[in-house]
Amino acid sequence: MIFKTTPSQTVGPNFAIGLPWDEGPHVVDPATAGAFTITGTIYDGAGQPIPDHLIETWQADPEGRFADAYGHGGASAMEGFRGFARYGVEAGDGEFQIVTVKPGRVKEPGGRLQAPHIAVTLMARGMLNRVVTRIYFGDEEEANATDPILALVPADRRQTLIATPQDGGYRFNIRVQGPGETVFFDV
Amino acid sequence: MSTEEKTETIYAPVVDTPRNYVREPADAHPPLDYPPYKSTTLRHPTQPLIYLPQTITEVTGPALGDARVVTPDDADLTRRHDGEPIGERITVSGRVFDTEGKPLRNTLVEVWQANACGRYRHRWDNWPAPLDPNFSGAGRCVTDAEGGYHFTTIKPGPYPWGNHYNAWRPAHIHFSLMGRAFTQRLVTQMYFPGDPFFPYDPIFNSVRDEAARERMISRFSIHGTQPDWAAAYEFDIYLRGPASTPFEEAH
Chain A
4 MIFKTTPSQT
14 VGPNFAIGLP
24 WDEGPHVVDP
34 ATAGAFTITG
44 TIYDGAGQPI
54 PDHLIETWQA
64 DPEGRFADAY
74 GHGGASAMEG
84 FRGFARYGVE
94 AGDGEFQIVT
104 VKPGRVKEPG
114 GRLQAPHIAV
124 TLMARGMLNR
134 VVTRIYFGDE
144 EEANATDPIL
154 ALVPADRRQT
164 LIATPQDGGY
174 RFNIRVQGPG
184 ETVFFDV
Chain B
340 MSTEEKTETI
350 YAPVVDTPRN
360 YVREPADAHP
370 PLDYPPYKST
380 TLRHPTQPLI
390 YLPQTITEVT
400 GPALGDARVV
410 TPDDADLTRR
420 HDGEPIGERI
430 TVSGRVFDTE
440 GKPLRNTLVE
450 VWQANACGRY
460 RHRWDNWPAP
470 LDPNFSGAGR
480 CVTDAEGGYH
490 FTTIKPGPYP
500 WGNHYNAWRP
510 AHIHFSLMGR
520 AFTQRLVTQM
530 YFPGDPFFPY
540 DPIFNSVRDE
550 AARERMISRF
560 SIHGTQPDWA
570 AAYEFDIYLR
580 GPASTPFEEA
590 H
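Residue numbers (this note's numbering), protein chains in the order written: chain A, 4 to 190; chain B, 340 to 590.
Since the hints were derived computationally from the structure, they do not count as laboratory data.
We put the beta carbon where it would ideally sit given N, CA and C, even for glycine.
Some hints here could point you the wrong way.
Straight-line alpha carbon distances no greater than 16 Å define the calculated EDC-like cross-link-like pairs of lysine to aspartate or glutamate that follow [to be verified]:
| id | chain 1 | residue 1 | chain 2 | residue 2 |
| --- | --- | --- | --- | --- |
| 1 | A | K7 | B | E363 |
| 2 | A | K105 | B | E439 |
| 3 | A | K7 | B | E549 |
| 4 | B | K441 | B | D412 |
| 5 | A | K105 | A | D32 |
| 6 | A | K7 | B | E553 |
| 7 | A | K7 | B | D548 |
| 8 | A | K7 | B | E485 |
| 9 | A | K7 | B | D366 |
Which residues of chain B face chain A? A partial, calculated answer using Cβ under 8 Å [what the hints assert, rightly or not]:
| id | residue |
| --- | --- |
| 10 | P369 |
| 11 | P384 |
| 12 | I395 |
| 13 | V408 |
| 14 | D412 |
| 15 | R462 |
| 16 | N465 |
| 17 | A468 |
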């Protein structure tokens, strides 16, 4: 490391004038076969929804390939697959919704297969840096049981990373602080 | 090797994907729990972060340079309406590098800001300063082959906020950087040199290291300034680069 990074600053309350775009919350076109919605609410330490949050997700396609800017790992061949979603609105109520498909399993550097997962960045007014978490899927119990990253998380906190199946997709709430606090990662 | 070739080698943009990205010291960025900025109180995790060995998910990232996201017009914030916005026309330009000094080409740079009076075009900004019908305050561009970006805009004004008695934010432009990998994602704020509000702003001072704070302050450039047109500010941005070891060990 020759140079030092530019420090982070809060995204603030006004990002919605610049960062969202129409298709931002769509990892895939909603008409895609197998597309579903992940819905969730972001809560603060008092249990109140955080209305001015910005959430971004990044994931592999169902074949385990990424829409990576440089084709790393073999480029996704899925039509219209962006791999990325951004949700943030001017008059939020603490909820987010993204439309996606379930990612395939990809290996970790040691060669072990990871369970299907989605990387998540969360920012908000009052957060001086992003926090990072992962979404796993409640209907992937077998894969989750052997996931090398979940294994690093204390057993009594793993549930905070697991999205619950519901009509039309999954629910994944994030608690930034307090009882049931979501696990956040140092990446 | 000629000087020209050597320069080309040194400044060749990043074309390979690192297996993992450098871990930064804990004080490289502001703490999430920073009481002088009151909104952090209920919005910081209290449990320690869990070390995640980077996997392919973390070392890849999206290509967002297509026309659904960004068009060439998006880089000029003064030409998004019929008339010209009020205020001091400026250019803001610079380059995006990684911590090895390699330029990051074709990566999305996004900005948003208040108008010349310090007012955002946002429904929750209601401080009594006028909106400018000719200024929305948002821009985008992708970096060129040398990692360069360039915006034309209006110098934003400082504005009061409710954090403490007589609290004012120094004038700033918000920057969002996608980098080329999930690990490189950065949102920051660019400040202007010599701002008198610096000593009193808990967000600026949440970066505890003075040298690090300096890295958020743009430079005025007389040579970049265009005669009879616009004053130039320059702001280079550094994102995490490759780690020196090829593989990370799981901790």
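Legend entry - Violations among the numbered hints: The structure conflicts with hints 2, 4, 8, 14, 16 and 17, although it agrees with all the remaining ones.
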